[in-house]
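8 protein chains.
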Amino acid sequence: MDIRDVLEAYKQDKISPEDAEKLLRMDYLERIGQDCVLDRSRSMRKGIPEVVYGAPKTPDKVAEICASRPGSLLLVSKAGRDHFEAVRKKVPDAEFREDCGIIVVGKMPEPVKGLIGIITAGTSDVPVAEEAAVMAEAMGVKVMKYYDVGVAGLHRISEPVKELIEADADAIVVVAGMEGALPTLVSSMSTSPVIGVPTSTGYGAGGKGEAALLCMLQTCSPGLTAVNIDNGIGGGGMAALIANRRSERKSQSNK
Amino acid sequence: MDIRDVLEAYKQDKISPEDAEKLLRMDYLERIGQDCVLDRSRSMRKGIPEVVYGAPKTPDKVAEICASRPGSLLLVSKAGRDHFEAVRKKVPDAEFREDCGIIVVGKMPEPVKGLIGIITAGTSDVPVAEEAAVMAEAMGVKVMKYYDVGVAGLHRISEPVKELIEADADAIVVVAGMEGALPTLVSSMSTSPVIGVPTSTGYGAGGKGEAALLCMLQTCSPGLTAVNIDNGIGGGGMAALIANRRSERKSQSNK
Amino acid sequence: MDIRDVLEAYKQDKISPEDAEKLLRMDYLERIGQDCVLDRSRSMRKGIPEVVYGAPKTPDKVAEICASRPGSLLLVSKAGRDHFEAVRKKVPDAEFREDCGIIVVGKMPEPVKGLIGIITAGTSDVPVAEEAAVMAEAMGVKVMKYYDVGVAGLHRISEPVKELIEADADAIVVVAGMEGALPTLVSSMSTSPVIGVPTSTGYGAGGKGEAALLCMLQTCSPGLTAVNIDNGIGGGGMAALIANRRSERKSQSNK
Amino acid sequence: MDIRDVLEAYKQDKISPEDAEKLLRMDYLERIGQDCVLDRSRSMRKGIPEVVYGAPKTPDKVAEICASRPGSLLLVSKAGRDHFEAVRKKVPDAEFREDCGIIVVGKMPEPVKGLIGIITAGTSDVPVAEEAAVMAEAMGVKVMKYYDVGVAGLHRISEPVKELIEADADAIVVVAGMEGALPTLVSSMSTSPVIGVPTSTGYGAGGKGEAALLCMLQTCSPGLTAVNIDNGIGGGGMAALIANRRSERKSQSNK
Amino acid sequence: MDIRDVLEAYKQDKISPEDAEKLLRMDYLERIGQDCVLDRSRSMRKGIPEVVYGAPKTPDKVAEICASRPGSLLLVSKAGRDHFEAVRKKVPDAEFREDCGIIVVGKMPEPVKGLIGIITAGTSDVPVAEEAAVMAEAMGVKVMKYYDVGVAGLHRISEPVKELIEADADAIVVVAGMEGALPTLVSSMSTSPVIGVPTSTGYGAGGKGEAALLCMLQTCSPGLTAVNIDNGIGGGGMAALIANRRSERKSQSNK
Amino acid sequence: MDIRDVLEAYKQDKISPEDAEKLLRMDYLERIGQDCVLDRSRSMRKGIPEVVYGAPKTPDKVAEICASRPGSLLLVSKAGRDHFEAVRKKVPDAEFREDCGIIVVGKMPEPVKGLIGIITAGTSDVPVAEEAAVMAEAMGVKVMKYYDVGVAGLHRISEPVKELIEADADAIVVVAGMEGALPTLVSSMSTSPVIGVPTSTGYGAGGKGEAALLCMLQTCSPGLTAVNIDNGIGGGGMAALIANRRSERKSQSNK
Amino acid sequence: MDIRDVLEAYKQDKISPEDAEKLLRMDYLERIGQDCVLDRSRSMRKGIPEVVYGAPKTPDKVAEICASRPGSLLLVSKAGRDHFEAVRKKVPDAEFREDCGIIVVGKMPEPVKGLIGIITAGTSDVPVAEEAAVMAEAMGVKVMKYYDVGVAGLHRISEPVKELIEADADAIVVVAGMEGALPTLVSSMSTSPVIGVPTSTGYGAGGKGEAALLCMLQTCSPGLTAVNIDNGIGGGGMAALIANRRSERKSQSNK
Amino acid sequence: MDIRDVLEAYKQDKISPEDAEKLLRMDYLERIGQDCVLDRSRSMRKGIPEVVYGAPKTPDKVAEICASRPGSLLLVSKAGRDHFEAVRKKVPDAEFREDCGIIVVGKMPEPVKGLIGIITAGTSDVPVAEEAAVMAEAMGVKVMKYYDVGVAGLHRISEPVKELIEADADAIVVVAGMEGALPTLVSSMSTSPVIGVPTSTGYGAGGKGEAALLCMLQTCSPGLTAVNIDNGIGGGGMAALIANRRSERKSQSNK
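Residue numbers (my numbering), protein chains in the order written: chain A, 61 to 315; chain B, 61 to 315; chain C, 61 to 315; chain D, 61 to 315; chain E, 61 to 315; chain F, 61 to 315; chain G, 61 to 315; chain H, 61 to 315.
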């Protein structure tokens, strides 16, 4: 019942003034609700799965949340084996990506749309990179991975960049701890938008990812933005969103 | 003259072996010079103009740099009137965008390609937003601006987001100081990738942009990444890069 | 015109359905505009005037904002004399409270409702205390002021606290820089809720209000909360809101 | 025996001058002991129970403190099961609220007076919210709880706020980690004073509650103040104090 | 009128019960006042002059304070020439120690009691050292000064330390910026208690006194404590207090 | 052999020029060594025992050090039971003060000289206070202890201060975590020099002793200096040094 | 095949234009690869072994890396016994330097070239010093070690410095935690370049090596540079590089 | 007159024993004065001129210091034109290197010994680089300068590195602000020891050199150490010391 309907119903005395006011108020509240979405089908197309931050929750709480979303894809991030054991009891076909601590509940989509690259500086950065990869795959995006390319050996950097340019990667996620200079280097070589993900590798002053994050924020490369330390979900999600929207444009224009 | 041209010219004895080698080497150096981009035409299409960080340089130094790039588009950021006076003496048709402290040297392109939105929380954030806008326009991207939408008045946020969704904006730059919650809100309402630009508005604990930056890094919205405090160039540049690459895809597939 | 008025006017054919819908929509937008407050009369009773943060804005911008709100009470905080000069040209009867840098545009209400106390540790804290006082007065609250009571002389603290208890103060704002221990002491002596406002007085380690803020946050007194450093507006506003709602309750129950 | 009683007893020679002086001195010391509160009955009405910070104490020390306060209500916060085991041996009817780590010694009052709301952003914030709830309940205040309302889904925020406005809640405690934007949003929608409680949820830059706290301090909403990270006791205590004093006013004026 | 007097007066019906209670309550308040002093003559003997922190106050405010303490010794610290000009108008015989920014109001005592040494690492530390010296002299203590002894030239350190040991200095104030290692070295060589005063000399990481302060806090020398950065008043005051109390003991035992 | 002896020996050809130079050089080196002491007997009178920081050392290393100092008094601080077990094997009569983690090797002196007070804010501060007490006792100083006096209950503070003034305590060590306001209060009430020892009690912003330390550094009381967080050794050592030197003065003058 | 060869081959139609272009491009890529080395034999002479940062890697990952470098010298730093157990299974003759947590894979060179000194302030700094020593020895440099020389006893410092000057040490690594003043002292006494290595010994404000690092950075000695906290590898590596290059010069010129 | 000369003179009765002892003592004091350097000729060869930190000193103080060192080379760093004007009045032939704020008093040595390279990332880093260059030249070292090589254009980095390798540079100073990645890149390409000098270029999070410094500390390149932000003197001095000692070795072995 929209505003006009209410007005008519009231005019024709089909509803009391109290009911008319209440209905108009409810319409108002509904709109606030819609303010956050505005276009549900668009929101759907955005294709970002629900992500539950597992670390600070008890295994039971995580399991309860997972069991309450039947049919939809849901990721639990920063999860441990204990979280997974609890989830599996309630959602038997849940999967555990132990290398990055993600529990996958529901069916992963086919990688039919965009393409992103994920590059890491060292082997210690791989778990965060894998988190980004699972997130992107959960959004239907194909991932090309180049792990442990270092920062000193420049040719080890130029090789994956060249491949990603040739594959026309929609975006590149660069995962690096320590001094975090790799995203700047990749961004200077590549034509794709680069998402820098600092990791908590490193010690002493600037350790735990601080130097890496600051380095990415201080970069003068205009095609590089950053997410928080160890936030593979955020980095993979942004890259996949860029990829999906670029692919979508392609499909639209192909028609 | 590209590689094939050199090969042909050499085969037909139009150039000496010395010249051929020199041309190929120059081509090689030029390529490295173009930030290791392996495909010049792509690099060109990336269309990022040179940006000189003006603040720490003397007016004379800035003028000298501007005068040395005839014919190409160049922006001087965080520039003051004294920088501009010095530049104008050497490059008479340079322009000064005083509201955001950018000196524009060379001809701005026509806005024919992508479309981005720029939203600010308050009026104090406008100079940084304008910096982002000039950068994006320098990359050939059209900008829709919504300034001073606040964080408290939710409908003031939902209106511009709705318009940007309807215009299919390629990316949204959200500029905010103080507590910096606006980018998270916009990202939760919109389907576009959002680039958060914290500004140095605010005082006391977390002032000078610190709270705003941390807020954007701590966000749980997977479609939001951040650049450094007051870095309008970085925010506008990333948004424009996403926009140009998405538009390019469209044009390609239209053929 | 509220919802019922619109409904009646429409029912009696005094307005067209288009106008009725438009009025209701405007009502809806207005409501969202009023910070999503669901009941306008309540919002009014909240009685918080608009506050514009003056420091980062140009005098012209501030004057323009002031001129655009005829009839309503508006405060410009952290303003300088140059802001005031610009405002006075457009709003001749604007007032400047130079001791706390607030420009008052519009008519201050009569102090008929609640009562709060404002205590400062030193004379350097007075400008922030005055900012809190003006804010509270702008919300119709009476203010009892005790400035420069120190932290060492305990009897200098107990006197004002006794007076405020006897006056049944609705809330107490305690403004302190340096080590910021005064709010904790006042809170331990008083029965009123205490709002601590750290000030940027102090130097060296923990200077600029940092130690004062941390001290207030580390307090073990459960009747003490804090606002940001130098945020007299926030401290005075919170105290006045508590006062007004407590007084309102009194008036209601008196009926 | 209060002052008048002593005076009468002395006048009627029921007590020696020595005893009279001693009793008056003891009264004096007692009063100072009651945290310098000048009016014992007021102090009583304030109704804040003793709270012992359990975490840094040994179980034996905690048990000893609990056993020494027979008859009065006492809370041990941030307590573990080992603390509780030790306490139970000495105070058999002590209770353990394991979800928020509080040991309750003594009898909780009936919820007859004020009413507050407690809202959390996520499920990880619940333990701190429960701490606030137990504290408020220990002060005789009724609590309406809305947990896990998020920050992105605005309608999920507006629903509880509407209910709390309709229930005329005396104050609202908003508990949030990560970017901590929820208290600002609630404050902008509600007419009640809002106490923000940042939690140590979150990681990387601004993690462990830092971003959340700074966000609450940087807010421009004048009806919002903050307590320290994870300080549910402080947040609940302040809200309950505001509620009790507002209710008290009501009761007084009813007479 | 003490407690017994009140009791008697009441017993003999010379005063009403209201007056008796009121008198007893006043007695109570007076005691709180006395709680801070307990023994006025002792407090006097402590001999610390009032110190007003000038920097954050207006010249007029400072002058007003100075004029209100006729007869007693008062120091205004971190004062500028403008403060002094304003003070001199009201207190013509005030003196300005420009090298350390202290205004002296009233008569300095004769240096008859203790003896302290003040050592600085560099010439940049001299203003803070002079602040300490004036404070100590205002407390009647003699000061031996050794400025610019460096940290590298060890004999330049050992010479003054030897002299101070021979003079049986009661305490040594060591003023140092940069890396702040001098107090540790002096403490390891000397037998006197050492008060370290870090100064805001230095730049870059750890500059503005941070490294110096941390160095003094991290020292493993058990005869060294610190005051805040640039706090010459605090350093000189503590050293003079130790000196005066040690000398006082001497005088007492001499009798 | 001093300089003159060498000169003579050389002149009389008793030693070669090589030997003369070498002897003079050795004399020089010896002096550098002496530069650090200058007067060994004075150093002895200072009476500070050797303190070994146990925490970062292995039990075996600690035991080895303890065994190498037969006959002299030595304290191992921040030691665990494992350290003690290892020490006891080599030094059977070593003692373990488990409440403050100090291993005592050698014989504690009789408390014949000075007198200090040690006050703590809470029970959590007791281990650090005990560390200070053991250190002072190891320096032959008597200790009066007042633990858990709080910060809110002012009479609980004034009682011990009064007793310490009456006992003419040479110095007072005040140990406090959380907001750390107690040393400032004690210093304002007492006439003794006060050494503030912040403890790592507390959580959230300013936790782990940071707020307490900053509060002590920001204090405006000129008779208060600070040592690092949890540094009971430093606080007790400084207080005992002041006490011993003041007592020594007394004894000297008594002769 | 270099550029000329390709040009000739193409001119003589031995290769297609496609192949010519491809070969030239490959040449270009190879050069980028070579850009990082430029002269492989020089790189070899630099003699820095590969160092794998063990701490953040799983034992299996570390073992896999070690097994993949047969014949070359490789160090695993910050390794635990579990890492070593895993490595030994694959590389039976690997060695574990447990005192500094380094696994040595391959044969250490003979110490035939340079000479460096390593000095530590305390015994807690020894593991980091040993890390530096192993690194230097792995680069063929001889190491003279002086551990636990303290900072207070100046003659304990001058002895090792004298010996190192006499041995003409090429560089000195000084390892210190706490206040970190030792490197400055050594640098002021010695003629060798000094590398300061702060260690994470220390607690409270400036603990975990922060004060030590800042102290080394704030030093005014121009012959001292620093590496990160606990970075023995970096300190030892730099010193050994200086030593090798200085020795190499010697050998060259001897010819 | 060295030790042997004194011995001889005394033996031959040319000087009295008093004079001999006095001369030897003076020699001793002089030696200690020379920063405890045990071999004066070595100290001389170290060739580090005195450097006075000008910024925090008044022009008069600086001039006074300069005038007091006739004949020796002295640099005043971070000096302004006002410092120079004051110096010139007393030392007419003093020179001002305005581009780096250094006043040179005395005669610069001929560049006959070592060779170092100085590379900067941007033009804003040049003043700090020039400071390093003047310091090195004051130590008799030749400097090859490569300014503004950027971080993105890798060939712009590889060219100077190649030249410096070919010139067998003794050390390389790399000066960089912003993200500070250049020293790591140069170190990975070069065989020389690299001294990283972070500069205060940059803004927002990690600005003022913080990110650059942390990046250099977090580097995994073992041939790179750092000095403090903007410390050109330190960087240039360390590089020159390495160079001089390497050259010296060469000269020695040439004999």
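It is worth saying that the hints were derived from the structure and are not from the lab. Among the clues, some could well be false.
[Claimed, not checked] Which chain E residues face chain C? A few, computed with CB under 8 Å, are given here: (1) Ile75; (2) Pro116; (3) Lys117; (4) Asp120; (5) Ser128; (6) Lys149; (7) Val151; (8) Thr183; (9) Gly269.
Backbone N, C-alpha and C fix where the C-beta goes; we use that ideal spot for every residue, glycine too.
Against the structure, the hints:
The interface hint given for Ile75 of chain E is broken, as the beta carbon of that residue sits about 22 Å from the closest beta carbon of chain C, more than 8 Å. At a threshold of 8 Å, the smallest CB-CB gap from Pro116 of chain E to chain C is about 4 Å, leaving the interface hint in force. Given the 8 Å rule on beta carbons, the hint for Lys117 of chain E holds: about 6 Å separates it from the nearest Cβ of chain C. Annotation: interface hint on Asp120 of chain E violated; nearest CB of chain C at approximately 11 Å, more than 8 Å.
For Ser128 of chain E, the interface hint is violated, the least distance from its beta-carbon to any beta-carbon of chain C being 12 Å, above 8 Å. Among the interface hints, the one on Lys149 of chain E is violated; its C-beta lies about 19 Å from the nearest C-beta in chain C, farther than the 8 Å criterion. Using the Cβ-Cβ criterion of 8 Å, the hint placing Val151 of chain E at the interface with chain C is not satisfied: the shortest such distance is roughly 18 Å. Evaluation of the Thr183 of chain E hint against chain C yields a violated restraint, the C-beta minimum of about 20 Å exceeding 8 Å.
With a cut of 8 Å, the hint placing Gly269 of chain E at the interface with chain C holds, because the nearest CB-to-CB distance is about 6 Å.
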